[in-house]
Amino acid sequence: MDDNKPLIYMDNAATTPTRTEVVSIMSEYMTEKFGNPSSLYSIAGDSREAVGKARKQVASAINADPKEIYFTSGGTESDNWAIKGAAFANQKSGNHIITTPIEHHAVLHTVEWLEKHGFEITYLPVDEYGLVDPKDFEEAITDKTILASVMFANNEIGTIEPVAELGKIAREKGVIFHTDAVQAIGHVPIDVEAMNIDMLSLSGHKFSGPKGTGALYIRKGVKVDPLMHGGAQERRRRAGTENVPGIAGLGLAIEIAVNNMPEESARISALRDRLTEGLLKIPKTHLNGHPEKRLPNNVNVVFEYIEGESILLMLNRKGICASTGSACTSDSLDASHVLKACNVPIEIAHGSLRLTLGEMNSDEDVDYVLNAVPGIVQKLRNMSPLTPEELRTAQ
Amino acid sequence: MYNEKVMDHFENPRNTGVIKDADGIGEEGNPQCGDIMKVFIKVKENVIEDIKFQTFGCGAAIASSSMATELVKGKTLEEAWDLSNKAVVEALEGLPPAKVHCSVLAEDAIHKAINDYRKKQGLPLFEETKREHHHHH
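Those protein sequence lines, which keep their order, are chains R and D.
Last residue of the first sequence? That's 395 in full-length UniProt numbering, and every number before it is there in order.
Last residue of the second sequence? That's 137 in full-length UniProt numbering, and every number before it is there in order.
Since the hints were made in silico from the structure, they are not lab data.
All values derive from a computational prediction rather than experimental measurement.
Hints may contain errors.
[Said to hold, decoys possible] Sample of chain R residues lacking proximity to chain D, with all beta carbon distances greater than 10 Å (derived):
id	residue
1	Glu21
2	Pro37
3	Pro226
4	Gly231
5	Asn259
6	Asn260
7	Arg274
8	Tyr305
9	Arg317
10	Ser326
[To be verified] Straight-line distance between alpha carbons at most 35 Å, and here's what the computed DSBU-like set of lysine-lysine pairs gives:
id	chain 1	residue 1	chain 2	residue 2
11	R	Lys284	R	Lys5
12	R	Lys318	D	Lys86
13	R	Lys379	R	Lys223
14	R	Lys379	D	Lys119
15	R	Lys318	D	Lys119
16	R	Lys5	D	Lys119
17	R	Lys173	R	Lys92
18	R	Lys340	D	Lys52
Glycine residues also receive a C-beta, built at the ideal position from the N, C-alpha and C atoms.
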């Protein structure tokens, strides 16, 4: 291993480094103001205040009322709670749930579980870019439909769904509308009022907050059963002693991310466009996801004739951290469910590469990656039995 | 995820390429599964005098191909036929459990190349014996 290699971290959709100022505030609530918010003495009051402040910070980021924000352990818990909670609380009105085949597994595995408990699930089709058609959504709604869950932006291909249009339709038809905004928050503007969103999931570590923290927005009046039973925390809707350091850290991180968003999104999307353009110069390389309606930080391409894990290993040797939708990185051996739903041929989907940019990334990083990737692709193509002769170089 | 031996064979694979006038060719896997290995052998007096491979697949598939070709080079066809995927994994000093199937790919491709050669020579084909198969495809 080359110890002098740089660290070019381009896997921000997987996680982000926690900001130092976030770590500082968390440390304060771990060591000095460590009281249990449910207790009566003054250091408990400090903890209560921290939780209240974070609730306002999260609410402000999505134009909600602080009373509509509930803290959780992350995006997975928020998705589970929103979907299971709304399904069971509203099952007298119907048993039909609408979602998409490109959701995160926190949504897909949850609706699969609900199916075993008597709920019916409709998976809306997506087009080659991963976009849902609002017309399909409207047509899928029946008098049994109680809930729809459509992600704000896809974690693999970065496609941003027409959430405001879907929210409007859901509202008109009386369907509860949940969106998993884990990848979108801090990158694109979100307004739960203007977009008619009834529930929204978010996760702290995707915007430089701590891992193991998240929140669920539940619009006032939406019936949702608790997922966690126990104490009276979070207004009796989510039991368990509050993760005060995590919540304080999440609050600060979301405030900074949203404040920085206009400038940072412009900077990152310029890097994204340059990176995409450079990668697409490699022959037989294609962009996954929508060319315009996509997250400012997401680049996802496929290189024909080669396999993703091999690309990642070679990138890692050059200090570049990235991701792939290739089967070989999971135990299932199935290629990415997202790429499959977008009708990317399976043999091509194996050669996908996802680079997700973050605050740490600069123009120099993009140059470094654009310099490294073509040689790696060529080396692997020279080795592959699928590569056409004209793409081979002398060995 | 992989040990240094596997990484060495992945990054510096031995015996890559094609043998244009190969005496036997074997291919195993399919692109939908994400793994294909193609083996070319040159045989002289029942010995694998030269062997080359092409692989489409993950790190374990490429490392297994490299190691398997190293292990059978210079061996008689009978000795090469007896090379098990277990021997490939051992020579690589281990593979993650989910990746063991990649070593089976190498064994199968070599078997196919050997029988392709035997068929072309009008010799009876070697028969596959029952073995522990971790192949998911």
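To see whether the hints hold, each was checked on the structure:
1. Glu21: Non-interface label stands for glutamate 21 of chain R: nearest chain D Cβ at 34 Å, farther than 10 Å.
2. Pro37: Given that every Cβ of chain D is farther than 10 Å from that of proline 37 of chain R, nearest at about 41 Å, it holds.
3. Pro226: 37 Å, holds
4. Gly231: Check passes; 41 Å lies beyond 10 Å.
5. Asn259: For asparagine 259 of chain R, whose nearest Cβ neighbour in chain D is about 38 Å away, the distance exceeds 10 Å, so it holds.
6. Asn260: 35 Å, holds
7. Arg274: 29 Å, holds
8. Tyr305: 7 Å, violated
9. Arg317: 7 Å, violated
10. Ser326: Its Cβ does come within 10 Å of chain D, the nearest being 6 Å, so this is violated.
11. R:Lys284 x R:Lys5: 29 Å, holds
12. R:Lys318 x D:Lys86: Roughly 31 Å separates the two Cα atoms, so the pair holds.
13. R:Lys379 x R:Lys223: 56 Å, violated
14. R:Lys379 x D:Lys119: Distance ~33 Å between lysine 379 of chain R and lysine 119 of chain D Cα, so the pair holds.
15. R:Lys318 x D:Lys119: Violated, at about 45 Å.
16. R:Lys5 x D:Lys119: 50 Å, violated
17. R:Lys173 x R:Lys92: Measuring from Cα to Cα gives roughly 17 Å; hence the hint holds.
18. R:Lys340 x D:Lys52: Judged against 35 Å, a Cα distance of about 33 Å means the pair holds.
Consistency with the previously given hints fails for numbers 8, 9, 10, 13, 15, 16, ordered from lowest to highest.
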